[in-house]
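Residue numbers (the numbering used here), protein chains in the order written: chain H, 1 to 272; chain Z, 273 to 669.
Do not rely on the hints blindly, as some may be mistaken.
[As the list claims (entries may be wrong)] Label-pair ranges, simulated between beta-carbon atoms: (1) H:260 - Z:287: 56 to 64 Å; (2) Z:650 - H:33: 47 to 55 Å; (3) H:122 - Z:279: 39 to 47 Å; (4) Z:551 - H:70: 23 to 31 Å; (5) Z:307 - H:150: 38 to 46 Å.
None of these hints come from the bench; they were simulated from the model.
Ideal Cβ positions, reconstructed from N, Cα and C, are used throughout, including at glycine.
So you can see what is in the structure, the chains are spelled out below.
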Amino acid sequence: MRRFRFPATRRQQIALVLLGLVVLLAFGRPALRWVWRLIVPLPAQPMLPYGVLRVGIDASYPPFGVAAGDGTLSGLDVDLARAVAEAMGVELRFINMGYDGLYDSLRADQADALFSALRVDPLRTNDARYTSSYFDAGQVLVRAPDTGIDEMADLDGLILAVEFGAEGDLEARRWQRRLHSLAIIPHESAAQALDTVQAGNANAALVDAISARLWLREHAGSPLGMAPQYVTGDPYAVAVQPGNPRLWQAIEAALGALRNSGALDEIINRWL
Amino acid sequence: MIFSPRLWQELRLAGSAWQDWRAWGLRLLLVGALLMFLRPAPPRAVLGPPQAVVTFQSLLCMHTRLVDEVEEWKIQRSLQMVRDLGADTIVEFFPWAYFEPEAGDFRWAQADRIIQHAQNQGLQVIARLGLVPAWARPRPEDDGLLDAGRGQDTTLNYLDEAHYADFARYVAAFVARYNGVVSHVIIWNEPNLTFEWGYRQISPTEYTEVLRLAYEAAKTANPEVVVLAAPMAPTLEPEGSPWGMNDLLFIERMYEAGAAAHFDALAVHTYGFTFPADAEPGPDLLNFRRIELVHAIMVRFDDGAKPVYVTESGWNDHPRWTKAVRPTQRIAYTIDSYAWAEGHMPYVEKLCQWVLRYPAPTHSYPDNFTYVTADFRPLPIYQYVQAYATGQALELP
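Just chain H, with the same shape it has in the complex:
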C-alpha cells in the first residue's frame, strides 16, 4: 500500500509556505506578533515600572480615606497601603482622585494599585485584578447577645431598626416578605437605629459592619454586640493593574504577612 505523504514534491512545499503566508497576512499583525513572541519572548516586566508604588485612592470616604485641608491623607486604606509598601520594601505615592476615575487610572497607567474601599466586583475583572479581601463591610445584626438573635430568621415577630433607605432597610423589607411578621422601624442614621436597640425599643438593628463597629467603639460599655454571621457580604480588596501579575503577587504576599502577624487587625481596629 502506498503511504500518503504531504508535501511530497517541491511544488507542494512551495504551495504550503505560500498558504502559510496568506494565512499570516489574512490575520494580520496579531498573527505576526504571535509568531514573533514564540521566537523572542517579552522581557520581564518590572513590578514597579516607575520605581514607586503609585496608589490610587478616593479620599472622600472616612474612615478608609480622608483628605485634610492641606491635602494630607489619612484613614484605614492609607495605613494599609503604607504597611503593604513597607512589607514590600518599596516607596509609596498616593494619587487622590474621584471614584469615577479609579479603574480608568489603572488602564491608563496612572496608578499601579487602588486602595480605596473597593468591593470585589465580578464585572470589573477585566479592569483590575483583586487581592484577597481585607475587610467585610456587609450588613450585620446588632443585638444583645442573650436574645438568641443570630440571623434574620430569628426575628420573626420581633422589631428591627434600620437606617432609612440604606442597604439594611432594603434587606429588611426583603425579609419582611419571607417572615410571618417583622416590624421595621426606619431611622435617619445607622447610629440612631443602634441607639433604639440600646434603649430597648427594638430587638435588633440591621446596619453595615462599618457603622456597627464605629458605634460599638463609641459605646464601649454597651451590652450590644454583632451577630457572628453577616447577613450580606461586602468584601473590600485591593485592585491591581491586571497586566502586572508580579505586583499582584507581591501585594497579596504582603497582605498575607500582615494578616498572619495581626498587623491587619491592628490597622482595622485603629480606625473601626
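Based on the hints, put chain Z in the right spot on chain H.
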C-alpha cells in the same frame, strides 16, 4: 471456576439489564430535552400602545443608564419607571465606541431599541455623545511593530486632534438617523476633567474646536437639532492641575475662544453635596446654585438668552461619603431644588436627576445617587419625588 457456564449466563443477564437501563436512560434524556423546549420564555419587551407622561413638574427629567443593558425588557422597565415617576425627558448616553466599532460601519440596533422604547413611553430623549472607538485611539502596539514591550493603553475617553473630525462625522450620522426623533444632543462630557479625555491634558480652546466641528456637522445633518455644549464637572481644581480645571474658569475660556457661535444651549452639571437647595452660591463653593454663577458668565458674554439644561443634579445619601446628606435631607433638598429652579432660574429648561438606576451596583457611594436599585426596587427618593411630581402628599418619616 472462573469461566463456569453459570457465571457466563449471569454475565449475559447483567449485560441485558444494562442494555435495558441504557434504553431507559436514553428515553429519559429525550423527555428531558423535550421539556427544555417547554420552559417559560424569557421576558419579552413588546412595544405596547403609546403612553403619555402625567406630571405636575415639567422641569423633571431623569438621566438613565440604558446603553449597557443586554436585556431589552430592562430598558423598557426602566423607561416605564421614568414615566411613572412623572419625568417627561431622559438624558441617555450614546457612545461613539458602541455604534461605530469600525470606521464607517455604523450599528444602531441598541440605540434604535432605546429610542423606540422611550418614544413608546412618551419620553423625549436628550442624547449625550462621546467615548472613542478603538480604531480612533492609538493602540498600545503602535509603539512599534512587533513591540518589544507593552505600550501605554488608552481609555475610551481618549480623543486626540487627529480624530476630532471623525467624532464630528459620528455626531452627524447620529443626528441624521434620529432626525425628528431626537432633538437635543450634548457634545462630550465634563471636558474640564483630564479623566474625561483619557488623562490627556486638554484646554478650553481645544474643546471649543471639537464643539465647532461637531456643531457644524450636526447642523448640516439637521438644522433644527439643538446642540448643547458639554456640561462641566463642578470642581475647584486650580489652573494647571493634572486632574482638571475649575468649571467656571473653563467656561470663561471657552467663551474667549469663540465657543458662543457653536452651541444653542448649555448643559450644566450641578450637585448639592452637603448644602440645601437654596444655599448661597460662591466661586469657592460647590452647591446646587452654582448654576447661577454659570449663567452669570453667559450673561457677561452676551449669551444669557440661551437656555440651560441641567443634565445631572441631585444629592447623595451614602452613610459615609463626605459629600453626602441623610436620606430625608436628600428627598427634601431634591424637591426644594425644583421649587428654587421654578422661582429663580427661568433660563433652566430641564432639571435632570442623576441617576435612575445602574445596570449593576457599584457597591460604593455612587449607588446612593440612584432612584431605583439594579433589580428595580424603588428607593424612598423615587417614591417621594413621584408623589411630588404627580401631586400627591407624602410625609417624611
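Hint numbers not upheld by this structure, sorted from lowest to highest:
Structure breaks hint 3 only.
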